[in-house]
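Q: Keeping their order, the protein sequence lines are chains A and B. If you count the first sequence from 1, position 125 lands on 125 in my numbering, and the numbers rise without skipping. If you count the second sequence from 1, position 205 lands on 1205 in my numbering, and the numbers rise without skipping.
The set of hints was computed from the structure by calculation and includes no laboratory data. Computed from a prediction, not measured in an experiment: that's the story for all the values here. What you were told as hints is all true, and nothing was included just to trick you.
Derived list of chain B stretches under chain A, where covered just means 3 residues or more per stretch with a C-beta under 8 Å from a C-beta of chain A: (1) 1098 to 1111; (2) 1139 to 1145; (3) 1190 to 1202.
No farther apart than 20 Å at their CA atoms in a straight line, the calculated lysine to any residue pairs in the SDA-like style are these: (4) B:LYS1094 <-> A:PHE304; (5) B:LYS1094 <-> B:PRO1059; (6) B:LYS1018 <-> A:GLY82; (7) B:LYS1018 <-> B:ASN1074; (8) B:LYS1094 <-> B:GLY1029; (9) B:LYS1378 <-> B:GLN1357; (10) B:LYS1018 <-> B:GLY1064; (11) B:LYS1094 <-> A:MET374; (12) A:LYS84 <-> B:ASP1033; (13) B:LYS1018 <-> A:TRP85; (14) A:LYS315 <-> B:SER1107; (15) B:LYS1099 <-> A:TRP85; (16) B:LYS1052 <-> A:GLU79; (17) A:LYS252 <-> A:ASN164; (18) B:LYS1024 <-> B:ASP1069; (19) A:LYS84 <-> B:ASN1017; (20) B:LYS1094 <-> B:ALA1051; (21) A:LYS84 <-> B:TYR1011; (22) A:LYS217 <-> B:GLU1235; (23) B:LYS1052 <-> B:GLY1070; (24) B:LYS1362 <-> B:GLY1380; (25) A:LYS371 <-> A:ILE386; (26) A:LYS259 <-> A:PRO338; (27) B:LYS1094 <-> A:TRP85; (28) B:LYS1005 <-> B:GLU1123; (29) B:LYS1261 <-> B:MET1245; (30) B:LYS1261 <-> A:THR215; (31) A:LYS339 <-> A:ASP260; (32) B:LYS1359 <-> B:GLN1392; (33) B:LYS1378 <-> B:LEU1338; (34) A:LYS217 <-> B:GLY1236; (35) A:LYS217 <-> B:GLU1260; (36) A:LYS84 <-> B:GLY1145; (37) B:LYS1099 <-> A:MET90; (38) B:LYS1261 <-> A:TYR219; (39) A:LYS370 <-> B:TRP1095; (40) A:LYS84 <-> B:LYS1018.
Ideal Cβ positions, reconstructed from N, Cα and C, are used throughout, including at glycine.
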Amino acid sequence: MNRKVRFALFFTAMGPGIVTAFADNDAGGIATYASAGAKYGYSLIFIMLVSTVLLAIAQEISARTGAVTGRGLSDLIRENYGVKWTFFAMSVLLIANLGTTASEFSGIATSFEIFGVSKYLSVPAMAFIIRWLVIKTDYGKMEKILLFLCLTFFSYVISGIMVNPPWPQVFVASVTPTFSGTPTFLLMAIGVIGTTITPWGQFYVQSSVVDKGITAKEYGYTRWDVLIGTFFTGFIAFFIIVATAATLFINKIPIETAKDVALALKPLAGQYATFLFAFGLLGASMLAAFVLPLSTAYAVCEAFGFEHGISKSHKEAPVFFGLYTALIVLGAAIVLWPKLSLYHVMLTTQVVNGVLLPPILIFMVLIASKKSIMGEYVNTKFFNIISWAFTFILIFLTLLLLVSTLFPQFVSNIFSFLGL
Amino acid sequence: MNDLKVLGEFYFSQLANKRIWDAKGRRVGRLLDMAMRWDSISPHVTGIQYAKGLHTLIPIGWVGSWDTDGLRLNTTFDPLLTCPMHEDETLIGKWLLDKQIIDLEGSRLVRVNDISLSWVSHEDHQYLVLVAVDIGVRGLFRRLGVEFLLSGFANNFVGCQYIKPLENRTSALQLTREKEQLLQLHPADIADIIETMDYRQRANFLDTLDSQQAIEALTEMELDAQVEMINQMDEGRASDILEEMPPDEAADILGELPLEKSEEILRLMESDDAEDVRELMQYEENTAGSLMTTEYIGLRFWLTTEQAINELRRLAPDAETIYYLYVVDEQETLEGVLSLRQLIIAAPETPLKDIMQTKIVKISPYDDHETVADIIHKYGLLAAPVVNDHNQILGIITVDDVLELLMPERPREEILSSLIALRHQKKGGYSE
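One chain only, chain A, in its complex shape (with noise of 0.2 Å):
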């Protein structure tokens, strides 16, 4: 194959691994980085670089399933473990998605808020305008404006560098492991590693390169696709908590609304930085609220054969379109709760991502390792020991989480006792 040909066959295959990638820094991923730069400095650094690499694993995984087998995560899940299984992740998914949905329209209002308008304007009417458009537009157009619109949050890559940092002190921090058995604490972590890695995430890579019509034969491609896509969550994600860390954390600012991050741009754009933050949650929140409740409603339809797909009319997929409302109206409601903290909706809905993954991740892995499903292309045992332990500390700091909220003083003592 000469070098033209194989590039043209790179950029067909490229997409749902970068697409992934920036639905992924959305609201709550913004809020989340920030929220634990501003709160414990570079500490977190670490814990967001390793979950940057099981993302990797994560996706690589759904991507291959998904050129392999030709199918979607949730069929494959209905094919091999029956009904209740089914029902059951489908029911984990919905719950994470509904809370994603909500954290998405936070960061709507949110932006339109630093522009002046009231979330009780800006939300029922993006909600109404993202329900009308995904059915009446073409879906790939949006796409592309909601994509460079995300590319403002590169501002915090040269925000970050512009602050400058003590380098040698991130560096340090990057690779030195830090933990704490405090509830806060943990919340952040589990909420670091839900928006990195996040349920839908997997459901949406492996459906798009379905999708895409890729096969196990060029999927070499796609693994690129999906390693680059990653790359850039983790390296805007670094420079996000860089960035509050160094104005935020230093100066000892707390962050009570998402508005506060935009502080972390004044380096760069001095008095425009609460605008240019505006623009890009504001376009990654609409990525995001377009695509969530979309592909959650196809994954449900497809696990339990209700007839689905925008071309359908609502009489002819009334499951379908029932669940896609549903998810949008439900999702907007919530942040519309007078006096909640918008702020909060975003960082809370990415711990419940964080602790919703483990089951997903376990039918991921299950039927990645199936010899009778992946055939030569299923898992390595180098790739099974990496998912099954990311799965179980996941698991473990959950729990973890759940004792130390209930009895704080239970898990601060063996902490202690521990030595940490």
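Dock chain B against chain A, hints included.
A: Quick look at chain B alone, frame taken from chain A:
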């Protein structure tokens, strides 16, 4: 059939995982799956898989009674007397439950939620017969153990005579009955079904179609799906299929493939078919040339109507339309046109040049699509000839081709191609 009696009706989900006891009251195992044979009329259960990892079955004849607790055998269980699974048997749970099948009655892909079985007696024999698969919500709730929530709902069954599983029961067996059932589907329906499948299912399914059906179905598909299908075939198979497709469709498909692949396919195609396609591929996308087909009927001007009708018999099977006949000379220069009606009602001895019309509406291969549509619409034609500067006929554009252009843009289709898991849609033509 006079003494056919139904003794009981079950769902697979009600039997699955039930305990099995033998006549002495010893526990034998659990009902894990049931083996089935589908030889003559209806598919019937032949044995029960009772333990994990074991490939031997309890013959169905041993089963004495069923109830909510489990199954009771009418003999003493002896593992040595169990029988192995035969080659023409298949496990229903593994083969059907939770899988996608083609509902031949509704011409669509559906998922099996449960399986309905009947316990019938016929001429002193008792059979457990597979009656239908349950594709409804009620079946789903039954599997979850909450069927009572939907007790007012009707079940949604597909009779076993109307199902076509995507995976063959046994690798060796492919019943002719199934092929005949598929023959009854319209190619457009087959195309819809194929478009909702994943690529492995497609490959399997295409193998079960005869080649003519595969070609017709492929012709009915949207271009995107066609390209995907051809791209996933090996070059040999692809060239066989493209040879038989209308050259304009083949050219459209090849134009979308990577250059290397399309060259390889063209090389494998028969040379005159390949040449037609190559010729069509040279035209830009928005021109009349890209729209036309080379399969028109050209008749020499010196023929009599009788000779022409004989010639028509020979040419008609390959032609896109036979309602318009084009009269040409040795250099394929367009001399005139006549309709099928004019040809038939003229006296047998009349030379064509006496009845043909010489005032011809022509299209240049470089005209854009809009011009083509305007011309065909204005003159109310079924087809119009495309000619070059020397008035030589290159091909024709039929009203079908134009109709495809004029159908309002379907943005939904485009959303679909780019959005996530949207592969399970049917063509948007009839929705809303």
